[in-house]
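Trainee: Spelled out, the chains give:
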Amino acid sequence: MDVIKNTREKCPLVHCITNYVTVNDVANIILACGASPIMADDVNEVSDMQAICNALVINIGTLNARTVDSMILAGKMANKLNHPVILDPVGCGATPYRTEVTKKLLDEVHFDVIKGNISEIKAIIFNSNKTQGVDASALDLVTMDNLDETIEFTKKLSKITNSIIAITGPIDVICDENNAYYCLNGTKAMGKITGTGCMSAGVLASYLVANPENKLEAVAKSIAAIGLSGEISEMNAQGTGSLHIGLIDAMSNLDDEKLEKGLKLYER
Amino acid sequence: MDVIKNTREKCPLVHCITNYVTVNDVANIILACGASPIMADDVNEVSDMQAICNALVINIGTLNARTVDSMILAGKMANKLNHPVILDPVGCGATPYRTEVTKKLLDEVHFDVIKGNISEIKAIIFNSNKTQGVDASALDLVTMDNLDETIEFTKKLSKITNSIIAITGPIDVICDENNAYYCLNGTKAMGKITGTGCMSAGVLASYLVANPENKLEAVAKSIAAIGLSGEISEMNAQGTGSLHIGLIDAMSNLDDEKLEKGLKLYER
Amino acid sequence: MDVIKNTREKCPLVHCITNYVTVNDVANIILACGASPIMADDVNEVSDMQAICNALVINIGTLNARTVDSMILAGKMANKLNHPVILDPVGCGATPYRTEVTKKLLDEVHFDVIKGNISEIKAIIFNSNKTQGVDASALDLVTMDNLDETIEFTKKLSKITNSIIAITGPIDVICDENNAYYCLNGTKAMGKITGTGCMSAGVLASYLVANPENKLEAVAKSIAAIGLSGEISEMNAQGTGSLHIGLIDAMSNLDDEKLEKGLKLYER
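Residue numbers (this note's numbering), protein chains in the order written: chain A, 11 to 278; chain B, 11 to 278; chain C, 11 to 278.
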């Protein structure tokens, strides 16, 4: 499946309600991967805006009362129109408010994909109405040793939530109810720039909406594409500032051939 | 007219009420072109802030109820003090809310310059109280074939609104009531970075306030300067990330001599 | 004291309530200097967020009613937990609202460090309840000629406010009640990029919390480190865009040895 070619040809419109820390990077990476971003968060227009877009990314990084209402409204409209909706529950679990807002979002909006790190995903499980009875206490940083258990767990979570689940970290795990990928792309230095997670949600939405025939593969490749772009950037980076800019350069130069060559993405 | 020299010498203070997606780039490009930016959007201080500044840029890219009131207050103060006011109606026409807010802004504030792409300008015409009876249905992407018609139309619009009108696109058209420029600077790749339009409004305000003796030329040269900076940047860019940063580099290195050499700006 | 080594080893969590213009740079420079940033400004979570962090930076650059309440709540929690709190009173004195908010912040929160340029510090003095009777009228741009007077004045201000005071400019002055540093690091070109001041507050908080045994030295070295990073960046910068990115690169590569070599920081 030529995920990148499809994305560049269809150039989907991705509506983002996202944090103000990394919003510029999210817009630029969406453009770099072949789609078009629209950032709009006012309650008076988010439904209308979503109606002219093709997908929705909700990122709670700098959530506040005003934008939470907008997230729910836009999410409901996207659900109604069968537009894919992606949740990036940044910092879920860090404060009760973040956890509560995430719970509310999960109650009121269906998410096609939930993407988070291990602690965000754990916080979702411990606090969601839908995941009562799921034991996440064993869930820990993904290693090759606990990979199979993590995958089994993530598949179960995917079944309960009816969402593709992407758990990011040194080893990324991407599962739907029946299938799983793990991904080894990315480098440690990427943890020293802000926004790689937020950017990956933007690329994820772009690939997903342009490749509806195989959603899990599209999601998995978006996670790999960010990691690979970081690897490529790091080869010439002079520090974290140029690593950041080079990551966007690399994404803008990526095609399916380069992606296939650089992929460290495995079915399991 | 040495627009850049004048800007660097006078270093005007440009107050921006702008979107949070590209605000950092707008601030940096205003500095790069020789002026100073101030971003302030709270209703408790926008009038006072405008009073110590020299110009106002209103950009509705991420408008919300809180900042719309601030835009109107700041705009009224700028009008009272005869400070130039620039409207960048980002996404006007995309949602009813954006169109309605733009209409309200045009009703309550006089704009010295309205700068937008063809669909934003069309949305303004179709919805403004002031432009009733103007037929914009024929207005389309500007080409060398429809250039003269577009210019005639834009001059009429300038007369009705009493604003300089800048329509941006592959061919930019900049008109007041009597005179017109078109501009061929800029490259296709610039469409793959966010914020070039927002940045051009910042440069426009800076050049305009520093060159009051020929406003139309100042506006036209600001549009050309952004395009030329993109062209210069593209020569060494490794992708869209470095194109973005290089554009700011190029603007910071621009002087009137380089601008004159690189200009593709024509009176018509 | 190995301020940078300590910062990289302890990797403190720095909670920032800061402006949306330079927030991405602040997050990236905090990562570059070895700490971790968390940006959160909603009144529903700032106390909880501060409780899991190690320091707080309050920057009023784009203050508004919503975030001012959050600043006070987070500040009170930080005070309660003995976390260092840094005030960056951006634009204090520019509008009555900014001055009034700064006054309110100083009344309700104790700041371990107040960092501002000369006009911001003057505005604080003229308007604070605590500094009545202090004559700031003589305070002017710091030069080698008025350095000793400025230092005497700043020590007095430090005593009254019980805060370390950092006055930034071509010559930076950093004082507590009894001791003083001045710093000559930095370059003129840094004034042509936005956010160097905001970034320095992020580094300041990071160094300060990781080096509690000598707070004044930690603060002074953070100011020097930003200046030195700018100097290093300028050697290869192609303009203000790459100066900006290179500054973050340089900070990410800085260690105590390089800092000691490049320091232009003097006790007085």
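Since the hints were made in silico from the structure, they are not lab data. Be a bit skeptical, because a hint or two may be false.
Same chains, same names: a pair is fine if it fits in one copy or spans any two.
[Stated by the list, open to error] In silico PhoX-like pairs for lysine-lysine, Cα to Cα no more than 20 angstroms straight-line:
#, residue 1, residue 2
1, LYS20, LYS169
2, LYS271, LYS169
3, LYS166, LYS86
4, LYS90, LYS114
5, LYS15, LYS202
6, LYS20, LYS274
7, LYS20, LYS198
8, LYS274, LYS198
9, LYS86, LYS268
10, LYS274, LYS132
11, LYS20, LYS202
On a predicted model such as this, the values are computed, not experimentally measured, just so you know.
Trainee: Now look at each hint and say whether the structure bears it out.
Mentor: Hints and how they fare:
no.	hint	result
1	LYS20 <-> LYS169	neither (30 angstroms within a copy, 40 angstroms between copies)
2	LYS271 <-> LYS169	neither (32 angstroms within a copy, 58 angstroms between copies)
3	LYS166 <-> LYS86	neither (25 angstroms within a copy, 43 angstroms between copies)
4	LYS90 <-> LYS114	within (18 angstroms within a copy, 31 angstroms between copies)
5	LYS15 <-> LYS202	between (30 angstroms within a copy, 16 angstroms between copies)
6	LYS20 <-> LYS274	neither (26 angstroms within a copy, 32 angstroms between copies)
7	LYS20 <-> LYS198	between (33 angstroms within a copy, 18 angstroms between copies)
8	LYS274 <-> LYS198	within (15 angstroms within a copy, 33 angstroms between copies)
9	LYS86 <-> LYS268	neither (37 angstroms within a copy, 52 angstroms between copies)
10	LYS274 <-> LYS132	neither (25 angstroms within a copy, 48 angstroms between copies)
11	LYS20 <-> LYS202	between (33 angstroms within a copy, 15 angstroms between copies)
Of the numbered hints stated above, those contradicted by the structure are hints 1, 2, 3, 6, 9 and 10, listed in ascending order.
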